[in-house]
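Undergrad: Hey, can you work out the whole structure from these sequences and the hints?
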Amino acid sequence: MTSLSNQLHPSTRSIAERDGRFRALVTAISDIVYVMSPDWRVMYQLDGRGFLPDTPEPSDDWMQKYILADDMAIVQAAIVDAIENKRMFQLEHRVLRADGSPGWTLSRAVPILNEEGEIIEWFGAASDITERHQIQEELRTSIDHAEQQKRLYETITSSTPDLIYVFDLSYRFTYVNRALLNMWGKTWDTAIGKGLRENGYEEWHAQMHEREIDHIRLTKQPIRGEVSFPHVELGSRIYDYILTPVLNEEGEVTAIAGTTRDITDIRKAEAKSLALNQELNAAQDQLNFALTAAGIGTWDLNIATQVVLWDDRCRELFGFPPDCETRYREVLRYIHDDDRRRIDKAVQAALEPNSNGYYDVRYRTVGATDKRLRWVHCKGRAFFDAENQPYRFAGTVQDVTDEVIARRREQQLLSLVSHNSDHMSIADMEGRMIYMNESAKQLLGVDPDEDYTLLHTKDFYEPKELVRIQHLLLPGIDPEKSWKGITRLKNKTTGEVIPCEVSYMQVTDPDTGEVIGHGATVRDLRPELKARAELQRLATMVDVSEDFSNYCDTEGRTLYLNQSGKELISLNEHEFKDVPLYDYHSEASNHLIRQTVIPTIYQEGRWSGRLELVNQKTGEIIPIHKQMYLIREDITNEPVAIAGIARDLRPEIQAREALNKVIREMAFLADAIPAVVWTSTPEGQLDYVNKRWHDLHPGQKDNPLGDAWLSNLHPDDAQRAQIAWTQAINTGEPYHIEFRIREGEEYRWYLVQALPLHDDEGRIVKWYGTNTDIQFQKELQAQKDNFLGVASHELKTPVTSIKAYAQVLERIFQNNGDAKSAELVGKMDRQINRLNSLISDLLDVTKINSGRMQFNESVFSFSELVAEMVEDIQRTAVNHIIKRELNFDGEITGDRDRLGQVITNLLTNAIKYSPDSGRIMVYTHRENNEIQLFVQDFGIGISPEKQDKVFEQFYRVSGTREHTFPGLGLGLYISAEIVHRMGGRIWVNSTEGKGSTFCVALPVTN
1 MTSLSNQLHP STRSIAERDG RFRALVTAIS DIVYVMSPDW RVMYQLDGRG FLPDTPEPSD
61 DWMQKYILAD DMAIVQAAIV DAIENKRMFQ LEHRVLRADG SPGWTLSRAV PILNEEGEII
121 EWFGAASDIT ERHQIQEELR TSIDHAEQQK RLYETITSST PDLIYVFDLS YRFTYVNRAL
181 LNMWGKTWDT AIGKGLRENG YEEWHAQMHE REIDHIRLTK QPIRGEVSFP HVELGSRIYD
241 YILTPVLNEE GEVTAIAGTT RDITDIRKAE AKSLALNQEL NAAQDQLNFA LTAAGIGTWD
301 LNIATQVVLW DDRCRELFGF PPDCETRYRE VLRYIHDDDR RRIDKAVQAA LEPNSNGYYD
361 VRYRTVGATD KRLRWVHCKG RAFFDAENQP YRFAGTVQDV TDEVIARRRE QQLLSLVSHN
421 SDHMSIADME GRMIYMNESA KQLLGVDPDE DYTLLHTKDF YEPKELVRIQ HLLLPGIDPE
481 KSWKGITRLK NKTTGEVIPC EVSYMQVTDP DTGEVIGHGA TVRDLRPELK ARAELQRLAT
541 MVDVSEDFSN YCDTEGRTLY LNQSGKELIS LNEHEFKDVP LYDYHSEASN HLIRQTVIPT
601 IYQEGRWSGR LELVNQKTGE IIPIHKQMYL IREDITNEPV AIAGIARDLR PEIQAREALN
661 KVIREMAFLA DAIPAVVWTS TPEGQLDYVN KRWHDLHPGQ KDNPLGDAWL SNLHPDDAQR
721 AQIAWTQAIN TGEPYHIEFR IREGEEYRWY LVQALPLHDD EGRIVKWYGT NTDIQFQKEL
781 QAQKDNFLGV ASHELKTPVT SIKAYAQVLE RIFQNNGDAK SAELVGKMDR QINRLNSLIS
841 DLLDVTKINS GRMQFNESVF SFSELVAEMV EDIQRTAVNH IIKRELNFDG EITGDRDRLG
901 QVITNLLTNA IKYSPDSGRI MVYTHRENNE IQLFVQDFGI GISPEKQDKV FEQFYRVSGT
961 REHTFPGLGL GLYISAEIVH RMGGRIWVNS TEGKGSTFCV ALPVTN
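FYI, the numbering used here numbers position 56 of the sequence shown as 56, with every residue one higher than the one before it.
The set of hints was computed from the structure by calculation and includes no laboratory data. Keep in mind that a hint or two might mislead.
Within a straight-line C-alpha distance of at most 25 angstroms, the following computed DMTMM-like cross-link-like pairs (lysine to aspartate or glutamate) qualify [stated by the list, open to error]:
#1 Lys-778 / Glu-745
#2 Lys-345 / Asp-360
#3 Lys-490 / Asp-428
#4 Lys-490 / Asp-459
#5 Lys-458 / Asp-478
#6 Lys-577 / Glu-638
#7 Lys-492 / Glu-430
#8 Lys-566 / Glu-587
#9 Lys-827 / Asp-872
#10 Lys-65 / Asp-128
#11 Lys-194 / Glu-226
#12 Lys-661 / Asp-648
#13 Lys-566 / Glu-555
Cβ-Cβ distance ranges computed for the label pairs, FRET-style [claimed, not checked]:
#14 Leu-559 / Asp-312: 52 to 58 angstroms
#15 Ile-631 / Thr-512: 35 to 41 angstroms
#16 Asn-85 / Asp-385: 42 to 48 angstroms
We treat Cβ as the ideally placed atom computed from N, Cα and C, and that holds for glycine.
TA: So, in structure tokens, the structure goes:
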């Protein structure tokens, strides 16, 4: 169980340990203390002790915050060196103090390594050495002065190895000693009277001394410096020089005396000594710092005197004040009562001569002064003299309170994991389940008694999601972090796919660091998504609502007012806060709110009714309908607020007035038109008829509303009208029909049309219809049909006779060898055929209109009929090739001759309207329970807006070119009626300029 906790929560334990160490450092030392990430990019914490500003939270801009710009490079270089060599970081550098001024600090940090020797963090301390630097600067000034006095004295000696020289005020050498001449490699004659540059000084060096000479003339003060330049024999050397004014009796500067000493060896010795001291100090500091950083104290028990000598950390852990002598028995008094006897026994056992002298125990202390309870880990060893008697007992003590607390928390965490409401599970690298808590079992449909170690991750993911997790997400998880995101798990019992927020983490072997599995914590997002969607919906509804919405405390002070509310009463964002609701309601409403609304809300939890608002700028009284609710606290059920939603009634009142006006106008208009106007409910019940109905039926007492209108229909039309009306109600298609309505003792024909009115959701809310009297048109149609029928019959006989005479004449001319006359008579015969076809079409139209078209049903082969019609037409179609692809070999039931008439019409039309194309396509196939026929041409085509009209009686496609094709526009009308009578469908697909495909679909079985 402990291993599981370590695997699941390394980051929590690491942070706790680091915080503990940091607190120990802060407590243990007075210096600035800081903690850095392994690569020094992030400063986790810094306690500036007033010298530097604190950093309580992780920061990645610490260098800009603390380090002086000129020192950033050396600090960065020291960091890189310390990381690469895993050794202590130590550097003196300048910093920006808490008050913004520059200061000096000595900073040291030690790396904290894990078991694999990798740096996991840095603990550091820094000392304020600003004052030390100032003292060193003052000391350096004093030394300069002493050196100046010393060099002035040495000017009288000529045997000194130092370089001695004198300048006049024009920068020329007036005296140089032998040591200087040797360094230059010159003689007295070639050097004296010459300037700096003539004696080999580089330009920068010469300018420097000239400036110094000028400065001495003005200030009469000596100047000391250190410079490096080449020696003629020894190469580059370091020199310490001092320039001193030579004054006359009047105190005027007459010359500049200078001495220069080669300090190269001194500087090298100093550097070597400094490096050695630094290494020794670093080693001691590293040891002390490691003990301090680890929170370890040291103790030493004198066996003879029973006095315990210990450092400040030990005193702190036992709660003793500093600088007090403490005896062993006094120490025992401040060990917890439950641990005291056990610890005393352990000490006595370690002091036994026959023991190994080692001592390793954990126990609790109770601070002598602060009474604070601490857990400590004590390790020690007894030292024995030659007589095997103990004379010294020493060791270390470490505060492990945080560790003990962490262990306890770990146990609590394990219990929490097992009973956590979130899914928690671990799987090995092959995907086999190692651990599942109860929530995971419940979420994923695993029986509580089922052995989950026999299950695999594939049982809980859809295949595609499993591939994404195993091959994309898990291999890329950072060992130090987890991957957090959204995935979809699957309940293995129900198969339900569950959206979840998941954190995947690597589980590693604590000894080898090898990844041995993956852990997951999962939160079921279904409740949250549902709640979030609902909350977002409600919040959006309130924010964008056009209604007034407010929220007040129980005293009536306004806490929230939506945008519509602010606009309604003219309050801006800053004006409505804490405004009493009584300020923006009318006096009459306030009286009602106090006397009725508030008591009702507290008693029943809600109130609704009519109130009045007051516009705060114009004073306008605004009528509203308001609903108010009492909001209670979830736990105590105490009232905490009152919410209100109000609807501005002005538009409603105005709309009602406008609507009443429109209704009156529309009613007047409906009564004024000659047609009958009516409306119906969505269910088909008439709820209004205009005055025209009553004018046409003055003697009828029957009310046509509801479905009573059916009683006024002709018996032959009532069923057909009711079926069509029911179909329109069910489908929402427009209602279009002709039927007869009784008026007095006779029936008149009406064209009845109705359209549905839809709301925004597409639901039918009303039907609007009209009845137009078409009795006169019907009578004219009957007269026309009668005329056409009579005319067609009358024309039939003479046309038949003419055709017979033409055929006789054609044979006579052919027999007499008069081919030209025979050809003319043949053309006349073909024109007679056309005329005969037109007469037949007219007769069919009259039969259709009068309902007298006869059908003789039989069972026949559809493909044979199509092939026969194609062959007949092909004989006369000399300019077109009719290609056929007949994929249906079955039989259908219907009138074979009438269907042949349809096929012939489609083929002749295809030939007629594709004069520039020599190809016609005919193909058939079965589609479900229909046989479908397609006749395709590649001619002029039909525009989309005209395609539905080509099946109307006498309709011909308009246009200049179309009128070059003969015909009455009856063929397709007759074909459509024949197909419909046989229970089929007919339609056209066409592209203008590319051709048309006429399609016929007939049921396979009638």
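Undergrad: Next, verify each hint and record whether it holds.
TA: Status of each hint after checking the structure:
Taking the CA atoms of Lys-778 and Glu-745, the gap is about 19 angstroms. The hint holds against a cut of 25 angstroms. Distance hint between Lys-345 and Asp-360 is fulfilled; the C-alpha atoms sit about 12 angstroms from each other, no more than 25 angstroms. The straight-line distance between the Cα atoms of Lys-490 and Asp-428 is roughly 19 angstroms, inside the 25 angstroms bound, and the hint therefore holds. With a CA separation close to 8 angstroms, the supplied pair Lys-490 and Asp-459 stays within the 25 angstroms bound.
Restraint check for Lys-458 and Asp-478: the C-alpha separation of about 23 angstroms stays at or below 25 angstroms, so the hint holds. In summary, the hint linking Lys-577 to Glu-638 is supported, as the alpha carbons are separated by about 23 angstroms, within the 25 angstroms threshold. Proposed proximity of Lys-492 and Glu-430 is supported: the alpha carbons are some 19 angstroms apart, at most 25 angstroms. Restraint check for Lys-566 and Glu-587: satisfied, since their Cα atoms lie roughly 20 angstroms apart, inside the 25 angstroms limit.
Between Lys-827 and Asp-872, the direct Cα distance comes to roughly 19 angstroms. Compliance with the 25 angstroms bound is thereby established for this hinted pair. Only pairs whose Cα atoms come within 25 angstroms are accepted, and Lys-65 paired with Asp-128 is accepted, the gap being roughly 17 angstroms. For a cut-off of 25 angstroms, the pair hint linking Lys-194 to Glu-226 stands: about 23 angstroms separates their Cα positions. With a CA separation close to 21 angstroms, the supplied pair Lys-661 and Asp-648 stays within the 25 angstroms bound.
Distance check on the hinted pair: Lys-566 and Glu-555 sit about 20 angstroms apart at the alpha-carbon level, within 25 angstroms; holds. For Leu-559 paired with Asp-312, a C-beta distance near 56 angstroms keeps the hint of 52 to 58 angstroms intact. At about 59 angstroms, the beta-carbon gap between Ile-631 and Thr-512 misses the expected band of 35 to 41 angstroms. Asn-85 and Asp-385 have their C-beta atoms about 43 angstroms apart, which keeps the hinted 42 to 48 angstroms range intact.
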